[in-house]
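6 protein chains.
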Amino acid sequence: MNLLHEDIGYFDLTTIGLGIGACAGKMVFSAKSKIVVSGIDEVVKILKECDLKYTLFKQDGDDVTQNEIILECEGFASSLHKAWKISQNLLEYMSGIATYTHLLVTLAKDINPHIVISTTRKNFPSAKELMLKAVMAGGGVPHRLGTYDSILVFKQHLIFLGDKAKIQERFAVLKHKFLEKKITVEVDNFEDAYYFASIGADMLQCEKMDIKTLSSCVALKKEFPNLLISSTGGVNESNIQNFVKIGVDFIVTSAPYHAKPVDIRVDMSVIE
Amino acid sequence: MNLLHEDIGYFDLTTIGLGIGACAGKMVFSAKSKIVVSGIDEVVKILKECDLKYTLFKQDGDDVTQNEIILECEGFASSLHKAWKISQNLLEYMSGIATYTHLLVTLAKDINPHIVISTTRKNFPSAKELMLKAVMAGGGVPHRLGTYDSILVFKQHLIFLGDKAKIQERFAVLKHKFLEKKITVEVDNFEDAYYFASIGADMLQCEKMDIKTLSSCVALKKEFPNLLISSTGGVNESNIQNFVKIGVDFIVTSAPYHAKPVDIRVDMSVIE
Amino acid sequence: MNLLHEDIGYFDLTTIGLGIGACAGKMVFSAKSKIVVSGIDEVVKILKECDLKYTLFKQDGDDVTQNEIILECEGFASSLHKAWKISQNLLEYMSGIATYTHLLVTLAKDINPHIVISTTRKNFPSAKELMLKAVMAGGGVPHRLGTYDSILVFKQHLIFLGDKAKIQERFAVLKHKFLEKKITVEVDNFEDAYYFASIGADMLQCEKMDIKTLSSCVALKKEFPNLLISSTGGVNESNIQNFVKIGVDFIVTSAPYHAKPVDIRVDMSVIE
Amino acid sequence: MNLLHEDIGYFDLTTIGLGIGACAGKMVFSAKSKIVVSGIDEVVKILKECDLKYTLFKQDGDDVTQNEIILECEGFASSLHKAWKISQNLLEYMSGIATYTHLLVTLAKDINPHIVISTTRKNFPSAKELMLKAVMAGGGVPHRLGTYDSILVFKQHLIFLGDKAKIQERFAVLKHKFLEKKITVEVDNFEDAYYFASIGADMLQCEKMDIKTLSSCVALKKEFPNLLISSTGGVNESNIQNFVKIGVDFIVTSAPYHAKPVDIRVDMSVIE
Amino acid sequence: MNLLHEDIGYFDLTTIGLGIGACAGKMVFSAKSKIVVSGIDEVVKILKECDLKYTLFKQDGDDVTQNEIILECEGFASSLHKAWKISQNLLEYMSGIATYTHLLVTLAKDINPHIVISTTRKNFPSAKELMLKAVMAGGGVPHRLGTYDSILVFKQHLIFLGDKAKIQERFAVLKHKFLEKKITVEVDNFEDAYYFASIGADMLQCEKMDIKTLSSCVALKKEFPNLLISSTGGVNESNIQNFVKIGVDFIVTSAPYHAKPVDIRVDMSVIE
Amino acid sequence: MNLLHEDIGYFDLTTIGLGIGACAGKMVFSAKSKIVVSGIDEVVKILKECDLKYTLFKQDGDDVTQNEIILECEGFASSLHKAWKISQNLLEYMSGIATYTHLLVTLAKDINPHIVISTTRKNFPSAKELMLKAVMAGGGVPHRLGTYDSILVFKQHLIFLGDKAKIQERFAVLKHKFLEKKITVEVDNFEDAYYFASIGADMLQCEKMDIKTLSSCVALKKEFPNLLISSTGGVNESNIQNFVKIGVDFIVTSAPYHAKPVDIRVDMSVIE
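Residue numbers (numbering that gives the first Met the number 0), protein chains in the order written: chain A, 0 to 271; chain B, 0 to 271; chain C, 0 to 271; chain D, 0 to 271; chain E, 0 to 271; chain F, 0 to 271.
Keep in mind the hints are simulated off the structure, nothing from the lab.
All values derive from a computational prediction rather than experimental measurement.
Among the hints, erroneous ones may be present.
Since copy identity is lost for identical chains, a pair holds within one copy or between any two.
[Said to hold, decoys possible] Listed below are the simulated BS3-like cross-link pairs for lysine-lysine, each with C-alpha atoms no more than 30 Å apart in a straight line:
#	residue 1	residue 2
1	165	84
2	47	57
3	44	154
4	163	181
Generate the whole structure from the sequences, applying the supplied hints.
This is the structure in structure tokens:
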């Protein structure tokens, strides 16, 4: 997907029709509110593609205060108008994700400075790369990119195995075959959590558990000292501290993907 | 962008490691709440790509009640696990957009049954096609796809033209050259609105105007009977009726793009 | 489609076999006859891809007199031979389209300086972007890019609607739903023309009408002052003035797409 | 390049707006005049992509008489309208090339039944595959696809070699290195023709020679019995027989690429 | 990369020139020697693309004895000749990798049935997916797909950190940030091995160590019971058992990527 | 296929996790043994894509002695770590092919300085371009790229023609239709060789013949002075001289494609 082409297509009718393409101008991107910025690398690619000269004042992950300039560029009006909206969109959406991720990270670290905020593979289809880069700019990490980089056992896998004997046998094979990976199992009750901890799961992904059940799962870490516990499902800025307080090792969430875009101001001016 | 590849990559390690790929199974997608569904066509492509047999119970734009089945499919467990999450993501995100668009449309039509809800080109980069299809499933229409299909004059164009004489001359050229298009101008005050209506703008896009100014702009329709007025900026479900009441012809909004995904239940079962 | 790869593939056997790749040379493109040039931007991309230094003497849309230089470039013989034919092809085909479009525009404007020459979506498959850029260089505009950017009702749509009552109802819905677009209907007789003008068509595309019928359609503009009339089908340099004289607002044609390529001279020389 | 996407993009606004997509219909393609048809395989791909059932009455290269049916298809009106214009375009442009190639072949074979009509690499950029398939449907062959499949020495190569001694030495290397290829040299005078025949060229491409010079080149075949002679430059239906009469082995031409598209009738009807 | 296009391009000149395309035929793929087969899924895609009917007798990872049939297909001679060589290539190269991987696995498991054979990211550029699928068919697993799915610390990282204090601090951050991943360090001496084991490495990748040093590293597993030890560099079928005997947990190797292709017989016959 | 993306994907977790990306460094590629280098152009593309400054000491096809530097580059550690492995892979695999091709060429030319080493279309699927460039760097040439650039008649074609009369007729058509190509036939016995030489084959590809049969085929060159003879099947460095001694014109082989990669040392250092 060429992002510039998605927005501009074959031509910019308005700029052509007004006959202003050959004028020289400047375009300045700044933040309308305090944000954690993301999307800089992608915008730089757009600016290069449009033959615009640019100056960066910020890098991905930087704090930007209200009205602070993020980057500026110069060139033909035809180039500025090509680059404008897709660059603004990249910064608004990606900074929105970065800023919200950073909010979750900050809230969570107030309770436990070692907590990790990890985002799921439930990104908007086609937008995985952009969304994950924004998450990392905000201080989060990818939980798993997809089925190719990690092992995560769901109930939807187990139904094809049948009884516990079969599960245990196949789980052992899985764990052994992919010994370079940590093995995660999604569980939604204590019994399953205990079972998978006991047969060697490295990590339990506790799905939409109530506080009490989740606490019991966290307590398993005493019996299984290498076990890591995460909480997933329904986490957001208003409840994240509750989960962290229980003592989970990390939080798995899709919430940053739906964060509201931030507002980026774009000022254009003529260069005489 | 191949959406299946984005999620699955080279292989599904968990399914391979558990050795369940050759089992036969069934997968059913249903709505956890009342929604307007979207994403069916895209899911069908995924199911075909995974060699799954499927039955559709709904089409894009259909209402789905809580727990109602949207579609179901059958085939190898390896195929079901490949198709699962990306299909669920497509339905959740796209139905989220469709459902929210439909909410805006319903609220607006309660006031004015002829109102049109139109969405901007400020989609998530790389997701324009999916987002616009979802908007249309919800009863909205695309405002403009990009710079190639429509004329929209911004202040950022006008600064390159200078004085009013020059603007008027070039505006006439633009309007004439692209006589098959309606010419829109974005304005944020009454003076500009009047000016562009008087030199022949077909549509005014009233950007973040207060109610009083917007009302004055709508009143221009008396003097300029073919003029269409839209309101844009900051529209959402809590304020849309206020804008409609003023008498605008259509609403331009990006809000549906950030709608929260709906919850889609996925039930998998073994076929013996 | 990478245009350079289409022509060069993996390598240039002749240049390799003769062992001349490392020599330095210069390549000059000039016009063998008076033309309106197009393809400059595409050639520049090729030259950059081949690491050639270049100087442009013309821009898309410029007049070039016989023997006048359009652009020149320097670099390794291997690069010159890579860039040569595809660059020549781009200039010859695109300037052919631009020059012919310009001829039509000139002929038409001799009769009516406000006439617009608009080209159809019947371009050579895969060549839409290049063909439309050439049309614009010659002073034409795109009639419609495809089905996604404009509304054009054909008989082939109407047959699925049945009687006039149904047509009228659905036409109203169409017009209202896409209120940001002008609605065009293709008609081939006066009765249909009158009918669609009366139910609100913004533009009539008069398909292969005789002069008398077309004149009657143009006369509808008195009754429907906002109505725009175009003529389409069989327009070329020998008959275009006849259509313009009748008073149509614009001409819709595919003729420029089949224009004969112009001849571009390519002189190569050694840099000692 | 996805040809369907080039024409349809994200959606077909007219069909959606009129609400006719779910109707069933039939579409029939027939020839408005006698043609040699081409583009069938490409149209079949489009029809499949649109989920249309089809019947073929002709294959690429077949003669089609006036009003004869080429193919027909059935399905949803939404699918018919998606497939319509791009299919028509493919058939019109490709059959135009095939028909014109066939005319050249027929004219030439009237004089010499062994003559070969070969088309250059000067196709419209991005359309090489479609244009060459059409040429082959009309009885022609590709002269060379590009620089990767054949050896063709131009003056623009020789200038980098300098004197005759150097040319002779490098020509021998070239011929030896690529011994699996026939070596062609483009010449525009008899002296060069004789020279390259004498140092072992397999084929001479005689560029825009007058009849007398070309005859002298053909006469070289007596002294060099394996030598093949072609004529190139400015060949068309009105002069091709003159070149063939001289006794060349084959004709190299770009003329079919600019052939006028043929007219294909498309009839659509409702299936009740 | 479309594999069929890479081999066939625009057309198959020989089949066209001989005029045999419309004949019906059958093509049978069998093994010339005992192999572990791979490439079946890729061949099936080719056969479908060529509209050939096929029957599979084997799946990826199956043993095939000498002369045993792997798959057969039927259709037009033009389709058989299109599909032939690329299908044969896929089976020969991928089965070559699978068979060699299987040899390594068998040799290693003779010594330690729990050993894992893992292949590096040093595949032939552009062939990662095909090579890794073949490795898995032979019983191996991917060590890491690239930099995006796993953590592997090289000396080339550490030089940018400076002294041990800095390394220890940053290593802790790395380990914590990516707590869902096992952290591997490549070491080539015991001192480094001990150091990284002591600061929490999950796995040590022992690069080209002599037997004695490698044994000392394996002995670290007593002090660090969760530590996994792998051997990498220069492993092949003649020495793999030596490494396994020392007690490493897994072997990391690129050797299967350069395995000689196996011979696949292709028999074609006419269907009358 | 973007080669950098294949190796790096969305990000380099290790470099990010260690926080070293912004350090400045230098990376030097040198040969661990005497090689013929290939892959330089592809590595240059990678280095540019990673914004690294580079200096080249060698070009494709150059000899590199042990420890000699091939190229070096400087930039951010994040860029060096992105470019590292894929660049090393390109140089190792492509130089492996070039070095082995060069060995075959050298051995063969010791016997006959005019011999040509030509490589088949049986490359690793998806790697044709890289493999062929490496072959050419080593002094070989491509035998045929695929079915689109050359004529090669196999038994698998002939079975569809039937008796000799039919073969002879169609062979004549083939030869005539593609008169710009040399026509090759693969044969595995003298009788067929004689037959095809007598009906006008330009080249015979002698498949896995014993020395005596091959010698008889070479002897055909006396009767058919333009006939070229190649040997194919099972050629490698230990037997190539035997084939050359017989007097074949060229050797057709796939052996270089499976050549073992050479070892390239990569030294990274900090720039203070």
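Quick rundown of the hints versus the structure:
For a Cα distance limit of 30 Å, the shortest separation of residue 165 from residue 84 across copies, 25 Å, qualifies, whereas the shortest one inside one copy, 55 Å, does not. Proximity of residue 47 to residue 57 under the C-alpha cut-off of 30 Å is found in both arrangements, the shortest distances being 17 Å within a copy and 23 Å between copies. Only between protomers do residue 44 and residue 154 lie at most 30 Å apart by alpha-carbon distance; the minimum there is 25 Å, versus 42 Å within a single protomer. Within a single copy, residue 163 and residue 181 get their C-alpha atoms as close as 21 Å, and across copies as close as 27 Å, so both meet the 30 Å cut-off.
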